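Student: What follows is the residue order along each chain.
Protein chains: 2
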Amino acid sequence: MTTDARANGAGAPPGAQAVTRALRLLHCFRDNPGELTASQLARRMELSVSTAHRLARTLVAAGFLEQDEHSARYRLGPSVAELGQLSLHQRGMHRAVPELDALARSTGTTADLAIRGGSHAVILVGGSVNAASGLGLRRPLHSTALGKVLLAWARPGEQEIDDLPPLRAHTDRTITGLAELRAELDRVREAGYALNDGESAYGVRTAAVPVLDAAGHAHAALAVRSTPDVITDDRLAWFVSRAHACARALEVLLLPPSQRHHATGVVG
Amino acid sequence: MTTDARANGAGAPPGAQAVTRALRLLHCFRDNPGELTASQLARRMELSVSTAHRLARTLVAAGFLEQDEHSARYRLGPSVAELGQLSLHQRGMHRAVPELDALARSTGTTADLAIRGGSHAVILVGGSVNAASGLGLRRPLHSTALGKVLLAWARPGEQEIDDLPPLRAHTDRTITGLAELRAELDRVREAGYALNDGESAYGVRTAAVPVLDAAGHAHAALAVRSTPDVITDDRLAWFVSRAHACARALEVLLLPPSQRHHATGVVG
DNA sequence: CAACGTTTCCCATCATGTGGGATGACCTCC
DNA sequence: GGAGGTCATCCCACATGATGGGAAACGTTG
Numbered sequence: 001m002t003t004d005a006r007a008n009g010a011g012a013p014p015g016a017q018a019v020t021r022a023l024r025l026l027h028c029f030r031d032n033p034g035e036l037t038a039s040q041l042a043r044r045m046e047l048s049v050s051t052a053h054r055l056a057r058t059l060v061a062a063g064f065l066e067q068d069e070h071s072a073r074y075r076l077g078p079s080v081a082e083l084g085q086l087s088l089h090q091r092g093m094h095r096a097v098p099e100l101d102a103l104a105r106s107t108g109t110t111a112d113l114a115i116r117g118g119s120h121a122v123i124l125v126g127g128s129v130n131a132a133s134g135l136g137l138r139r140p141l142h143s144t145a146l147g148k149v150l151l152a153w154a155r156p157g158e159q160e161i162d163d164l165p166p167l168r169a170h171t172d173r174t175i176t177g178l179a180e181l182r183a184e185l186d187r188v189r190e191a192g193y194a195l196n197d198g199e200s201a202y203g204v205r206t207a208a209v210p211v212l213d214a215a216g217h218a219h220a221a222l223a224v225r226s227t228p229d230v231i232t233d234d235r236l237a238w239f240v241s242r243a244h245a246c247a248r249a250l251e252v253l254l255l256p257p258s259q260r261h262h263a264t265g266v267v268g
Numbered sequence: 001m002t003t004d005a006r007a008n009g010a011g012a013p014p015g016a017q018a019v020t021r022a023l024r025l026l027h028c029f030r031d032n033p034g035e036l037t038a039s040q041l042a043r044r045m046e047l048s049v050s051t052a053h054r055l056a057r058t059l060v061a062a063g064f065l066e067q068d069e070h071s072a073r074y075r076l077g078p079s080v081a082e083l084g085q086l087s088l089h090q091r092g093m094h095r096a097v098p099e100l101d102a103l104a105r106s107t108g109t110t111a112d113l114a115i116r117g118g119s120h121a122v123i124l125v126g127g128s129v130n131a132a133s134g135l136g137l138r139r140p141l142h143s144t145a146l147g148k149v150l151l152a153w154a155r156p157g158e159q160e161i162d163d164l165p166p167l168r169a170h171t172d173r174t175i176t177g178l179a180e181l182r183a184e185l186d187r188v189r190e191a192g193y194a195l196n197d198g199e200s201a202y203g204v205r206t207a208a209v210p211v212l213d214a215a216g217h218a219h220a221a222l223a224v225r226s227t228p229d230v231i232t233d234d235r236l237a238w239f240v241s242r243a244h245a246c247a248r249a250l251e252v253l254l255l256p257p258s259q260r261h262h263a264t265g266v267v268g
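Top line first, the protein sequences correspond to chains U and E.
Per full-length UniProt numbering, residue 1 is the first one in the first sequence, and the count goes up by one each step.
Per full-length UniProt numbering, residue 1 is the first one in the second sequence, and the count goes up by one each step.
If you're looking for bench data, these hints aren't it; they were derived computationally from the structure.
Keep in mind the model is a prediction, meaning the values are calculated, not measured.
Ideal placement from N, C-alpha and C gives every residue a C-beta, glycine not left out.
Incorrect hints may have been included.
Among chain E residues calculated to face chain U with C-beta under 7 Å, some are [what the hints assert, rightly or not]:
hint, residue
1, A18
2, A22
3, P78
4, E82
5, S87
6, G118
7, L135
8, G157
9, Q159
10, I161
Model the full structure from these sequences, guided by the hints.
Tutor: Structure below.
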């Protein structure tokens with residue numbers, strides 16, 4: 001049944017179908033208002049109810065889901081939040097919070113820090129004047145400033161831009177052609193920053209810069225976001241320079257994985 | 001490693017062995033300095049190298065792990081951080097951050113917010129004067145103030161205290177007897193707060209209060225933590241009242257799951 | 001009351017994951 | 001520089017464990 005077996009390259013499960021399904025099940029909660037019934041899950045994943053149910057139960061047993069007492073609906077469990085926080089710590093992301101807050105406050109923008117997550121930019125830390133940050137959201141690569149930065153300074157081994165999902169248009173300014181995107185990335189690399197001027201939604205202007213690792217690849221991307229009224233053409237350079245300064249600070253704070261250590265404080 | 005094998009509430013693994021193993025594999029990174037080789041994982045899980053390797057590859061494909069280019073070691077991947085942030089949002093936890101910061105600053109303590117995660121308290125949000133919070137850490141239930149609160153106002157359906165792992169002693173003050181623990185929980189319920197006075201480590205004193213849901217069960221636990229010099233006997237009541245005030249505020253902010261909605265802002 | 005849409009359990013089938021072993025690359029310590 | 005160790009990675013025959021159909025039990029709605 002389902003998905004062809006071989007095709008080793010990118011799309012096919014290497015050898016664990018049950019696991020892949022379970023993880024896809026978790027990802028279902030990404031696009032969703034929090035709670036799902038077992039049969040909703042089954043439908044959404046095109047699986048038999050039995051299987052979806054069994055997978056969900058297994059995930060509950062491991063704490064990756066939890067089930068509401070009355071409605072019997074599932075939601076993301078404690079283990080997810082726990083491992084998420086742990087992951088942020090291991091990446092040193094918690095050290096970025098005060099920096100982002102300062103950047104957001106001093107520029108009057110919303111500041112976001114994102115990493116590459118497959119074919120998306122995943123916003124992990126947000127500092128904001130009005131706390132409306134996009135924490136935990138995943139954004140397209142081709143239509144956001146964060147994404148362009150992550151593409152322009154992509155790590156080797158990351159998905160190439162030819163393998164990206166189709167470049168969907170969100171506004172009439174969205175870049176939808178591969179050649180066009182490639183040219184834009186060249187421009188971004190040369191300028192040292194990326195701009196999103198109404199390409200993901202009208203009335204939003206974002207500037208993003210890379211947080212580079214020792215090899216010169218993007219460890220993360222840092223963006224300041226507001227409206228064209230705030231980020232005007234003549235003040236753009238200033239916003240970019242502020243972002244660059246913050247990014248340089250983050251390059252020190254976000255040490256490469258090998259140099260990190262586990263912070264085991266006594267808590268109670 | 002990982003305590004006893006089948007620690008789910010019912011008994012035997014419900015019906016998905018590969019999935020359970022994969023999730024246990026993720027949990028391996030909890031107790032660990034960030035990066036693990038495939039064979040380390042195999043040893044730690046008492047599995048064949050083949051299986052551990054295949055599971056790890058599957059997890060990488062789904063973004064739950066990532067593999068270092070050179071060392072070939074595994075670490076937690078973007079999906080984990082992403083879903084973690086998402087989970088925090090769906091629980092409304094991001095709204096707790098400013099409250100905790102204010103509490104920590106105004107009391108000069110470290111403030112932590114934790115939820116029940118099986119047989120542990122999982123610290124999800126931390127506000128701190130010196131940013132040394134225990135974000136993402138999992139703490140025992142019997143030897144911490146947070147844990148006592150989560151036990152005292154436990155939700156029905158949660159693991160009973162008889163089913164907890166053995167009550168390990170961390171100091172000579174740690175409660176290690178079930179009867180003793182039960183009596184302590186009665187005291188906690190009556191007083192409305194729990195205390196940890198050197199029971200998890202010497203020189204640490206913590207007071208915790210519950211964040212209750214509509215049914216009167218603990219949605220989360222809130223703690224202020226410092227040294228006995230700061231949280232003195234005669235100032236304890238004041239700390240507790242400040243924590244209670246913060247907890248009441250959080251009870252409004254942390255809405256029950258059914259009333260939450262997905263915040264879909266435009267980000268770029 | 002009947003007709004749904006659920007969750008949950010059981011079970012025969014066979015696809016699926018399993019671990020042993022082989023290979024080659026990379027160390028470090030003689 | 002060779003030897004012994006560790007390591008990641010791949011292959012394959014086997015049987016274990018995951019699969020989906022079906023049915024029972026439940027709650028809700030018309």
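Student: For every hint, state whether the structure bears it out.
Tutor: Hint check results:
no., hint, result
1, A18, "holds, 5 Å"
2, A22, "holds, 4 Å"
3, P78, "holds, 3 Å"
4, E82, "holds, 5 Å"
5, S87, "holds, 4 Å"
6, G118, "holds, 5 Å"
7, L135, "holds, 5 Å"
8, G157, "holds, 6 Å"
9, Q159, "violated, 11 Å"
10, I161, "violated, 18 Å"
Checked against the numbered hints given earlier, this structure breaks hints 9, 10; the rest are met.
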